[in-house]
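Whenever a hint applies, use it, and build me the whole structure from the sequences.
Given next are the chains, with one letter for each unit.
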Amino acid sequence: MADIKTKEFKSESRKALNNPQIQKSLVRVIDHFGEARVNAIEEITPEVWEILREKARTIKTHTMSYLDHYLDLMEANVRKNGGVMHFAKDAAEANAIVASLISAKNAKSVIKSKSMISEEMGLNHVLEEMNVDVAETDLGEYIIQLAEETPFHIIAPAMHKSKEEVAKLFVEKAGTKLYKEIPELAEASRHLLREKFQFADVGITGANFMVAETGTLVLVTNEGNGRMCTSAPKMHIALAGMEKMLPSLEDLGVFLRLLARSATGQRLTSYTTFVSGPKREHDKDGPEEFHLIVVDNGRSKMLQDVDLREALNCIRCGACLNNCPIYQNVGGHAYGWVYSGPIGAVVTPMLVGLDQSKDLPFASTLCGRCKEVCPVKINIPHMLLRLRNKSTQNEGAGDKPGVKERVFFSLWFYMVKSKFLYKTSGRIGSGAQKILRMLKLENRIPFFGRWTRSRDLPLIPTKSFRDRWKDVGTAE
Amino acid sequence: MSKRIKASLFITCLVDQLYPDVGLSMVRVLQKAGVDVQFPEGQTCCGQPAFNSGFNSKALDLAHKFLDTFEDSDYVVLPSGSCGSMIKVFYEDLFKEDPALQKRMQAVAGRTYEFSQFLVNVLGVNDVGASFHGKATYHASCHLLRELGATNESINLMKSVQGLEFIAVENATVCCGFGGTFSVKYPDISEAMIGKKLDTIQASGADIVVANDSGCLMQLKGAMGRRKLRTRAVHLAELLDNKVTING
Chain A
36 MADIKTKEFK SESRKALNNP QIQKSLVRVI DHFGEARVNA IEEITPEVWE
86 ILREKARTIK THTMSYLDHY LDLMEANVRK NGGVMHFAKD AAEANAIVAS
136 LISAKNAKSV IKSKSMISEE MGLNHVLEEM NVDVAETDLG EYIIQLAEET
186 PFHIIAPAMH KSKEEVAKLF VEKAGTKLYK EIPELAEASR HLLREKFQFA
236 DVGITGANFM VAETGTLVLV TNEGNGRMCT SAPKMHIALA GMEKMLPSLE
286 DLGVFLRLLA RSATGQRLTS YTTFVSGPKR EHDKDGPEEF HLIVVDNGRS
336 KMLQDVDLRE ALNCIRCGAC LNNCPIYQNV GGHAYGWVYS GPIGAVVTPM
386 LVGLDQSKDL PFASTLCGRC KEVCPVKINI PHMLLRLRNK STQNEGAGDK
436 PGVKERVFFS LWFYMVKSKF LYKTSGRIGS GAQKILRMLK LENRIPFFGR
486 WTRSRDLPLI PTKSFRDRWK DVGTAE
Chain B
-5 MSKRIKASLF ITCLVDQLYP DVGLSMVRVL QKAGVDVQFP EGQTCCGQPA
45 FNSGFNSKAL DLAHKFLDTF EDSDYVVLPS GSCGSMIKVF YEDLFKEDPA
95 LQKRMQAVAG RTYEFSQFLV NVLGVNDVGA SFHGKATYHA SCHLLRELGA
145 TNESINLMKS VQGLEFIAVE NATVCCGFGG TFSVKYPDIS EAMIGKKLDT
195 IQASGADIVV ANDSGCLMQL KGAMGRRKLR TRAVHLAELL DNKVTING
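Chains as they are written, first to last, in the numbering used here: chain A, 36 to 511; chain B, -5 to 242.
Keep in mind the hints are simulated off the structure, nothing from the lab. Errors might be hidden in some of the hints.
Restraint ranges, calculated between C-beta atoms of paired labels, are given here [unchecked claim]: (1) Lys129(B) <-> Gln56(A): 15 to 21 angstroms; (2) Asn53(A) <-> Arg220(B): 18 to 24 angstroms; (3) Arg98(B) <-> Ser197(A): 55 to 61 angstroms; (4) Glu316(A) <-> Glu164(B): 57 to 63 angstroms; (5) Glu164(B) <-> Phe483(A): 50 to 56 angstroms; (6) Gln56(A) <-> Arg220(B): 24 to 30 angstroms; (7) Gly466(A) <-> Glu91(B): 40 to 46 angstroms; (8) Asn429(A) <-> Pro93(B): 26 to 32 angstroms; (9) Ser46(A) <-> Asp121(B): 48 to 54 angstroms; (10) Arg63(A) <-> Ala197(B): 18 to 24 angstroms; (11) Val83(A) <-> Gly143(B): 16 to 22 angstroms; (12) Gln56(A) <-> Glu91(B): 48 to 54 angstroms; (13) Arg105(B) <-> Glu77(A): 35 to 41 angstroms; (14) Glu183(A) <-> Gly104(B): 53 to 59 angstroms.
The list that follows gives simulated cross-link-like pairs (lysine-lysine, DSS-like), each with its CA atoms no further than 27 angstroms apart [claimed, not checked]: (15) Lys269(A) <-> Lys59(A); (16) Lys40(A) <-> Lys336(A); (17) Lys222(B) <-> Lys469(A); (18) Lys45(A) <-> Lys179(B); (19) Lys452(A) <-> Lys90(B); (20) Lys452(A) <-> Lys179(B).
All residues carry an ideal CB built from backbone N, CA and C; glycine is no exception.
Right under this line is the structure:
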């Protein structure tokens, strides 16, 4: 599995907040995506958009409820089409299947199109250890491969890098000249990648959707690199999280209309690729072998949890990231693993363990913007609350919530439970605050210091509402 | 003569203990609108701080307390969108183990309204006859907007205030960064969020920013005070009760 750095959320988010380049990129990209999405929805009208969202939600809920059936159907149809479907229970097993397929072919070079599941598996690392030359062919992924980083954003992995940073990377890691302008950099990457496309033994892709009724794999891309990976090499290996399933091509229509509009604001991406098995007898070209590896890696555990299974409906469009005020400020790397933003805060604890990623469900104001923009209407804030409860109850978590927090809530609880304590606490608070202010100690109280370093505390009044209520009305 | 509408106040712990003037303003506005206002003394907190921190059993205890206190009320009115969504949206979840209690809770939740929604959607009042001579903008509290679906109520009420010039700001519906314990657990992020919010409010030239939630107000007032801004953050009830004046 990919390295897990989720425990460093606080320090990494602070770093991102203090990094001017990251802050600049966040504003630029997020404004662009946000505006494009709104315009794309306006075009088909918000009413039609709502109908599509509701349909998508119904289809996904149905598919997840009968996933075993659709997996069987998919397997039968992939076989009928001349391909092989494998099932991997975790990242290690998926990596082992890829490794054995590559070894059997004696393959030396692999080209990849963007795949979040392969990031999850840490596949590139495994291939490098086998001395296989592996090249990411999506430009953003290529850049972060050179930089040895994880994706900053689900659909725009290198959005945090300036053109100057990219130009420098190209010089240092790919041996190009030092370019100044983006078109030059794009042209350079075309030449670098063209050679890889030409001579690669194996193409590895992800999958945006699997269509069970036809055994078809669907890929959406904007660079055409995905299609090169599925057609140029002799072997095509596709990786898909098992939640990528859809029953029929008719269902797919709903999702294709939602995905590009939510992600980039396009009606459709530039390329929508359908792969139904290897090259057939009368085909002029195409891969001789087609393997689909369907990966579980914690997903069946998610499926069992009625409160959290909805997260499997996600189509990885990134709209919740673009609209999340937390992501907009800290970006993707703070989340410490493959998935970031609101959906990452739900999926990561489920896949890597809540004990590893306790900050993620708590680092949210529960503002609900993610739920509002989600094309499949996933109720992310409610799931974050569920995870917080699990974390506090120590369900599936290795360590207990902080002592300070437990003490705070226990004291608070006694106060609000008793009318008497509740009434007096305000008066005590008011008096104590006055004394602390006089002694200029107000900003030194451990818990409140994190508030007062940038914000004034409200002055607790001597008389509460209930003390003054009789001035305006009569008590019941 | 038609029967007078009777409403119980759920004043919320923050208004009770920190912002009593907001509560008193709300009472006066409701009374002016002809409502017979009651204040059940047994009330304390809705339990949201515990619930949002994952201490669901403590929150459940307080949900019981709320139910006991307000089950007989015709209406429950409160000055906060987030406490409102705790009661109207999240209590249901807390009571899911006990369908009978859940049903009783749903009945009370159905009669519970946030202040602006009560005025506009229940009483049909858009103009309370207040006046304010200055520029005002609105901060949409997240829970009020997205959990309770209040899109226009407050803005309609503000626009009916005589002399008020309403200024729409682009990020009015973006979170202020309060989020309860979030504001102290992740102060860096919380500060960045309120910082961006204040930049636009300041640029808008507004004299006041109106919000309907003590949490957002605490965050807005706290950061505005530290920045020594001329703009003030006020609760909608204070504006409608003619209690707001422009800072010099």
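### Task
Mind listing which of the numbered hints don't hold for this structure, in increasing order?
Structure breaks hints 1, 5, 15.
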